[in-house]
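Visitor: Residue strings, one per chain:
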Amino acid sequence: MHISPTMKMSDLVQSNFELLAVLQRLKIPFGFKDKSVQTVCREEGIDLDFFLNLSRWYDERDFFPGETLMNHPVKWLVKYLRSTHSCYIEYHIPRIENEIVRMESMDQSGGKNMQLMLKFFREYITEFTTHIELEEEKIFPYILDLEENLNKEHPDPDFLKKARGYTIKDFLDEHSDIEEKLVDLRNILLKYLAPPSDNCVFTNILIEIFRLGNDLNDHTILEENVLIPQVVKLEEQFHKKFPQG
Amino acid sequence: MAKVLIAETSYLVRKGLVGLLEQTDGITELKAAGHPDTIMLTLKEFSPDILLLNSAITLPVSHEKLVSKLPDRARIIYIINTPLPEDSPSHQISVFDSKSKLSEKISFHLQKYRDETPEKEDTEELTPREKLILKHVALGLTNKEIAAKLFISTHTVISHRKNITRKLDIKTVSGLTVYAILNGIIRMEDIG
Ligand SMILES: [Fe+2]
Ligand SMILES: [Fe+2]
Chain A
1 MHISPTMKMS DLVQSNFELL AVLQRLKIPF GFKDKSVQTV CREEGIDLDF FLNLSRWYDE
61 RDFFPGETLM NHPVKWLVKY LRSTHSCYIE YHIPRIENEI VRMESMDQSG GKNMQLMLKF
121 FREYITEFTT HIELEEEKIF PYILDLEENL NKEHPDPDFL KKARGYTIKD FLDEHSDIEE
181 KLVDLRNILL KYLAPPSDNC VFTNILIEIF RLGNDLNDHT ILEENVLIPQ VVKLEEQFHK
241 KFPQG
Chain B
1 MAKVLIAETS YLVRKGLVGL LEQTDGITEL KAAGHPDTIM LTLKEFSPDI LLLNSAITLP
61 VSHEKLVSKL PDRARIIYII NTPLPEDSPS HQISVFDSKS KLSEKISFHL QKYRDETPEK
121 EDTEELTPRE KLILKHVALG LTNKEIAAKL FISTHTVISH RKNITRKLDI KTVSGLTVYA
181 ILNGIIRMED IG
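From first to last, the protein sequence lines are chains A and B. Per my numbering, the very first residue in the first sequence carries number 1; after that it's consecutive. Per my numbering, the very first residue in the second sequence carries number 1; after that it's consecutive.
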């Protein structure tokens, strides 16, 4: 499909409903009537090109997102990544957790397998939350400050001090892999655990884990291959504009 | 069964090869990428057994580095943008090649790959040694501690762990622990 600014937003969603995730994360409300993509974006105060490039990447997956997505103010991407985080924390993760709890309560086998899965998944939640907290509380604020101060005549002294001793590259080195454990859980459920009974719940847990895994993969691509390279460029501009000494 | 990555800048050629390979037997997973960054990213995450690489693409790594990023028995087939002579080597295909020529060369490599890959059993059982290593991993011991305990080198422990992970498709320690409990290698009470 060619995603154009003049096509109807409702047609866009109908031709690929996976794009609903993009709308949701940009906080675009439904009820489009017959409005075009560009009208909806204008009304919601969303950068049209950012929306188009993001949707095209999700839809076609035929180009590297960095090529196009890096040319927008970084605050857009941060906003997007933040709402993705809340989506995980408020919806996807608790949902999977609840399903596993439900599975455990249905388990008549007397074994402790589902209990074990639950323990494993709760460990994962802790890890996942720490990962996201670091980004939300330290990394994203730094990025937003960087972009803001870069546009100022004189940077904020506190930020300047911070910027001298820090680079986003440090973060890239320690950016942990949050998919690994989820993939393990998926493989264990798929290959090594006989489902307690054949029912929709078990299959559904697997489907949701697959979905979340794919989504996390995209999320990491946006963080590591668009956001961080873009911030590296901003840092270079910043140090050029405000040289030391 | 092989995983194949097509690394080709031309949209038309890329789509054409995808179409052709989708009809080819012996491929489990197929991915395509055009931009050098996407190619590197996909190489890392996908680790293809067969790489179809356009020879005109400049990747940010040397040939040796590229080979080291691929699995041991991986094969590279080069896509050439000019016509090739009749007796061209099998690891070169041309964008001018006919369908049958392309199929012939690609199938040849798929076959070779299959021949060189040790027959994977349906259930790849862990060896007793691997089970023992797994037990200690699941109990939370480090590679060093396991090495000291079993009087082997850390290097050997690491190589066993790689095989365990490959056979089970489980990477993390907590995942391995779950597997060990499920299979009675350790008991739930053994871990904190
Ligand atoms: Fe994140
Ligand atoms: Fe992250």
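Keep in mind that the hints are not guaranteed to be accurate.
Covered by chain A, per the in silico footprint, the following chain B stretches (three or more residues, Cβ under 8 Å) [said to hold, decoys possible]: (1) 34-40; (2) 169-177.
Rough simulated footprint, nothing fancy, chain B against chain A, three-plus residues with beta-carbon under 8 Å [stated by the list, open to error]: (3) 58-66; (4) 108-120; (5) 180-186.
Beta-carbon label-pair distances, calculated as ranges [unchecked claim]: (6) A/I125 <-> B/T82: 31 to 37 Å; (7) A/K138 <-> B/T82: 50 to 56 Å; (8) A/P141 <-> B/K131: 46 to 52 Å; (9) A/G165 <-> B/G19: 49 to 55 Å; (10) B/P118 <-> A/Q244: 34 to 40 Å; (11) A/Q237 <-> B/K15: 35 to 41 Å; (12) B/E116 <-> A/G110: 43 to 49 Å; (13) A/R95 <-> B/F151: 44 to 50 Å; (14) B/S68 <-> A/F30: 46 to 52 Å; (15) A/A194 <-> B/R166: 40 to 46 Å.
What the hints contain is simulated information worked out from the structure, not anything from laboratory work. Glycine included, each C-beta is placed from N, C-alpha and C at the ideal position.
Visitor: Check each numbered hint against the structure and report the violated ones by number, ascending.
Guide: 6, 10 and 15
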